[in-house]
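**Q** Line by line, the protein sequences give chains A and B. If you read the first sequence in numbering that gives the first Met the number 0, its first letter stands for residue 0, the second for the next number, and so on. If you read the second sequence in numbering that gives the first Met the number 0, its first letter stands for residue 0, the second for the next number, and so on.
Some clues are possibly wrong.
It does not matter which identical chain is used: a pair holds within one copy or between any two.
Claimed, not checked - DSSO-like cross-link-like pairs, simulated, lysine-lysine; straight-line CA separation at most 27 Å:
no., residue 1, residue 2
1, K99, K719
2, K117, K107
3, K431, K176
4, K431, K719
5, K526, K578
6, K54, K230
7, K176, K230
8, K695, K230
9, K117, K99
10, K506, K633
Derived from the structure by calculation, the hints contain no laboratory data.
Protein chains: 2
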Amino acid sequence: MIAGSAIAAPAGARSGFDSVDPFIGTGGEGHTFPGAVVPFGMIQLSPDTRIQPRKDAYDWAAGYRYNDSTIIGFSHTHFSGTGHSDLGDVLLMPIAGEVKLERGDVDKPGSGYHSRFKHDDEVAQPGYYAVTLDDYGIRAELTATERVGVHRYTFPAGKPAHVLVDLRTSMYDYAGKTLWSRMRLREDGTVTGVRETRGWAPGRQLYFAMRFSQPVSGHALHDTEEDIAYKGFPTPGHQDPRQRAQIEGRELVAAFDFDDATGEQLLVKVSISSVSEDNAIANLEAEVPGWNFDRVRTAARASWTEALSAIEVDAPEDDRTAFYTALYHTLMAPSLFMDSDGRYRGPDNAVHQAEGFRHHSTFSLWDTYRALHPLLTLVQPEQRNSDFVNSMLAHRRHSPYGILPVWSFHGLETWTMVGYHAVPVIADAYLKGIRGFDAGEALQAMVASASYGPYDGLAQYMELGYVPIDEEGEAASKTLEYAYDDWTIARMAEAMGRDDIAATFGKRAGNWRHAFDAETGFMRARKRDGEFRTPFDPSASGYGTDYTEGNAWQYSWYVPQDVAGLIDSLGGDDALVSKLDQVFDAEVDPGLFEHMEDITGLIGWYAHGNEPSHHVAYLYAYAGEPWRTQERLKQIVDSQYAPRPDGLSGNDDLGQMSAWYVFTSLGFYPVAPGSNQYVIGRPFLPRAAMNLPNGKRFTVVADGLDDANPYVGAVLLNGKPLERSYITHEEIMAGGELRFTMQTGADTTWASGAEQRPYSMSGAGG
Amino acid sequence: MIAGSAIAAPAGARSGFDSVDPFIGTGGEGHTFPGAVVPFGMIQLSPDTRIQPRKDAYDWAAGYRYNDSTIIGFSHTHFSGTGHSDLGDVLLMPIAGEVKLERGDVDKPGSGYHSRFKHDDEVAQPGYYAVTLDDYGIRAELTATERVGVHRYTFPAGKPAHVLVDLRTSMYDYAGKTLWSRMRLREDGTVTGVRETRGWAPGRQLYFAMRFSQPVSGHALHDTEEDIAYKGFPTPGHQDPRQRAQIEGRELVAAFDFDDATGEQLLVKVSISSVSEDNAIANLEAEVPGWNFDRVRTAARASWTEALSAIEVDAPEDDRTAFYTALYHTLMAPSLFMDSDGRYRGPDNAVHQAEGFRHHSTFSLWDTYRALHPLLTLVQPEQRNSDFVNSMLAHRRHSPYGILPVWSFHGLETWTMVGYHAVPVIADAYLKGIRGFDAGEALQAMVASASYGPYDGLAQYMELGYVPIDEEGEAASKTLEYAYDDWTIARMAEAMGRDDIAATFGKRAGNWRHAFDAETGFMRARKRDGEFRTPFDPSASGYGTDYTEGNAWQYSWYVPQDVAGLIDSLGGDDALVSKLDQVFDAEVDPGLFEHMEDITGLIGWYAHGNEPSHHVAYLYAYAGEPWRTQERLKQIVDSQYAPRPDGLSGNDDLGQMSAWYVFTSLGFYPVAPGSNQYVIGRPFLPRAAMNLPNGKRFTVVADGLDDANPYVGAVLLNGKPLERSYITHEEIMAGGELRFTMQTGADTTWASGAEQRPYSMSGAGG
């Protein structure tokens, strides 16, 4: 029996816990990691199998690839499902026998400190990961609290036991990435340090503290950097790395020896902090004062069991696995980013104190405003959702630019992707009744973010009503996304009685029209002189073109705030449907996107692996043809998700891909956050009960669910026929039952009437 | 009339203030700077004339060389008189007309933003510096508080006014020195930032805040680094440096425009902090809330007037200038290193809070334990001296190595030079009655520092009684200096009744004997096997040899704790005198030290420009021949000091060279700090009155002082003949008068008796 797999599930109702397979997404395009994390935990402790030069790093954004057979070590910070990457901080590797200081070539066994492993020896559960390191005969187990990673290494008998700590490694490797680092062995055996990196985030400082369950019997602190222009004067012990108390430099690696651990178990506790080494120590002591690995693991299991209990699902095993793994992947970010004393580092790289909220970071907002945040509003306590908003408001207060986060992690801004999508997250939260933040400050922050001229063509957008492509790249996408974001400001301002702001931004919400080319029926980029840029090819794709990670076929449906207006512009319902069909049914040479690693999961032009497509299948419903949405959803679910390591067709993007799956499985999707509408698609689960944060319960039942019954027939809300193809947030939060009867043939009349479709709300401009 | 020279001296007694010439030491070997600083101020705001590659930087250790004719700008941190260097943080240059971003080649006018200047246009006074930048026609004036530098720029009419801020420059320039930096223009016009450097101190973080008296009408933030491996995503305004709100990188330079300053005065206030940008702002607001340059200058003048009033001197003008400039140079370090809220960064690079003391840093202890700290005990309030000790104790508490500072600045340890000379500073303070620190903790820290094995051969020293040269460089010097330091521990332990410690370290104090070679009469380096290293050449000199910055001729007199023992070993008084004469009278080829830039000020082998020689002339008195000391002192004073820019024959070393001059001018010198004895040499001033920190007054009078009367005749202490060649600390602190009658011929009998000589105290081993 494999050590560590001995903790049994609690008795009683079957928990989602056992259905989670953290390996899903670790192959293929998902970029998830299999390691140990608690819900929204600051620590993501996970094995890294390969560290690539940046140009080759895309597939290893989460450190671990299921197809690899070598583990380099276990590092403490990971993104779940990003395209771009960073992190991989403080890598530990247990070693039995001779210590090698270089990680070597993972394709050459014995060339470095890495070790081979087999999937048969791996166990991955929420909050727990275990593997046997074959080159050393070491069983390594990982678990975590919010801010502490706990390692349990079982060393073989007869060989010296060591732990290597490598501060040189990162997800993306390149010269000069580590700006500075420090490692110190304190008298009490605590190891502390810091790593400052120039990565995706600039000048990121990551402090850590580490304690071992057995005394350090020896140590060696090494700086492997060569050709240092000036080394300063030698520190005590410089002649012998075993006598050094501290080391500073840009390429640090240390080996710690444990004479008493040979043939025994050694526990290592590692905490991180953005504030200081002292704070890292405080985090360590606050969360894991003792040396009971199983207690930490059990607590992590309890946290996950509770978090996953937000939705109770009856479904076949594979569907359960796919569903609960998706739900698991939605409960990781935005992650806690605050020390036990409430301090954290902000986008000004200064230390701040959280007052009255728990500060979170890792906001992948271009992705997550779509479905992840709306999902978390339904499955997480209101407090957590308020924390997200308060964290973004704090970011804005600390920002040198005075605006809300765009793509931030570890408190710092990366300026990745486009739009100001903190705005729809806040508006959606407010409009859904979340009140644990200062709405006045929030609205002010939203307006400030939407008015900051130097940001991505925003000055020109405010001047012209669109972003001119001759002055700013990806102008078509930016115009469209700004207009949607503006609409959410108008919606929130209206709800707050701020009619002045509502009027201004309601007008701006109509700016999507400046991108619409009536002649071709596509959204296009206009130049300052008002002309569309030519030549125009709707299939042309590339980074930094007129569109963001896409082309005209993919971006021309981005008017979630005014689909009715889009339909009008296109020439009516049939025009939309026909054009959507052209998207899905196109014969597309996949080679067209070979140079765009983010564009994956192709069905025709539809790219489920990237976010601009996520709402598209639901648009048929706006044209009165919800049965076409039902068809497309089955097409997507069948082809883009599978309960296998390569079962995610695109980057999970901190849970957005998975949130799409969770919503779609339940039978509805938030096409336009800010509207409080969920567009009904079709359910993929026989029965799912949502335990809502207000204590109510909303159940979705799909009678007759079967591959032979792919269409929705009767729809009952609380026993009464529901004639429209959307439900509202208020209806869900009131609790109750949404019952579908699935059938073989399409019901082409249900919700086809003008009044029965999802609709655009006031403030949509025009 | 030159602007800014209008502030008159206060009425009344003539102050030392007017006799200070800050240019002394800025040429030749002194390495002092002429800029604005207050006593022990954290800011040293001074012009930099040339920034050299490290290999050529020795002469520019303080940034300014009197022989240069070009100013690059004004930076805010400088060392006074070091050999090695660093600092030069946050360089400002006012510009009228076109902005150049590169400093250019100072030998080519117009090749960069530097400007020519003339000494005729310079004014330098304590706390004030002014110059005209000829290339721009700008009058630039500088003054300072403890933590704030204030610039006043008078711009010519008709040209755009700018201020350039260069974060790329340092005293020593080399690739990779700046690890990271940041600059931010805040909405209120405050500029803040940080610079992290890998210099003499590793990973030093220097935060700053800057405010202008006129609105910033435009700005441009530039990063001039090329070939960045990975730049991250573009920040808002990246296309136009004038739209950037913040910039981060390794080569930052910014230009700020002031439309309203053309033909007008612009004030710039700049503060620094080791803690954070917010703390830098707080320092700025606490110390210089308004915009009155003259008020700051007047306050600086008042601080200096008070500090210099510790000694009132009647002497010819040149002697006054030399004396008060020397005293001025002794009142700069250890300098304040703590923000207005009491926080500072320590040797663990963490932020700490000073409780009950003001934290100081810049401890050049190998130099300053000799005469600077003993002088400050006499001329500064007891509180300041307690602060020094408390700062060193804090350093030890924060040190990853658990030991007292060796050579620290800006809170960080540089490990420069040898010995653990914080120990004699603390012991001397304690033995002289300074009590504002925890003596128990201090003794513990001293013992810990003297027992830390990995430090510079200390493990072997504790094992063998000497540092073995085959295992550790400069072993002869280290053995000698450790033994002296050990003696001071014994002295303090004895005074505290800790006889156990006194016995241990009293024994160690005798370890100098292990270095003494009876055969050659020199101190030599022994190998582990007990043999002296051969071949032996007492003239052999070089860095990293058997001696520290010297040779056997220079180091063989380093037994301040047991000169009597040394005399015995050499074979008696005559042997010592004869050997000392060989030192001074040798014919030495100066080329011998061409490769050792620190060895300067040669008189034979005697090198007054470096510290190991500083006590040597006083040793004749121990052999009962004080008249020979009198001769040598005149020889040294006449040849090594002059009131001219090149008037210091060696690096001032944070005031040690100057402290030697102050003591020697007064007529006595602390050969063995820890003994409470001052060895009487001969006075060089007709009359000097010390206003002691206890409120008493001790006056030294030299009747008949004249070049024709170079010898001491009668010596009266408080009117009674003083028969011995030393006075005690207690005698000085009691107040009174020491009166010398100078005469033409040597008095060869005075203080020649065994009981009349300075003597070694108990605990000197044996």
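**Q** Does each hint fit the structure? Answer for all of them.
**A** Now the hints, each set against the structure:
1. K99 - K719: Neither, since 69 Å and 76 Å both go past 27 Å.
2. K117 - K107: within (16 Å within a copy, 67 Å between copies)
3. K431 - K176: So K431 and K176 fail the 27 Å test inside a copy (42 Å) and across (52 Å) alike.
4. K431 - K719: within (24 Å within a copy, 95 Å between copies)
5. K526 - K578: The answer is within: 25 Å in one copy meets 27 Å, while 90 Å across copies does not.
6. K54 - K230: between (31 Å within a copy, 13 Å between copies)
7. K176 - K230: Classified as both; 19 Å inside a copy, 10 Å across copies.
8. K695 - K230: neither (64 Å within a copy, 49 Å between copies)
9. K117 - K99: Classified as within: same-chain Cα gap 22 Å, cross-chain 61 Å, threshold 27 Å.
10. K506 - K633: neither (37 Å within a copy, 89 Å between copies)
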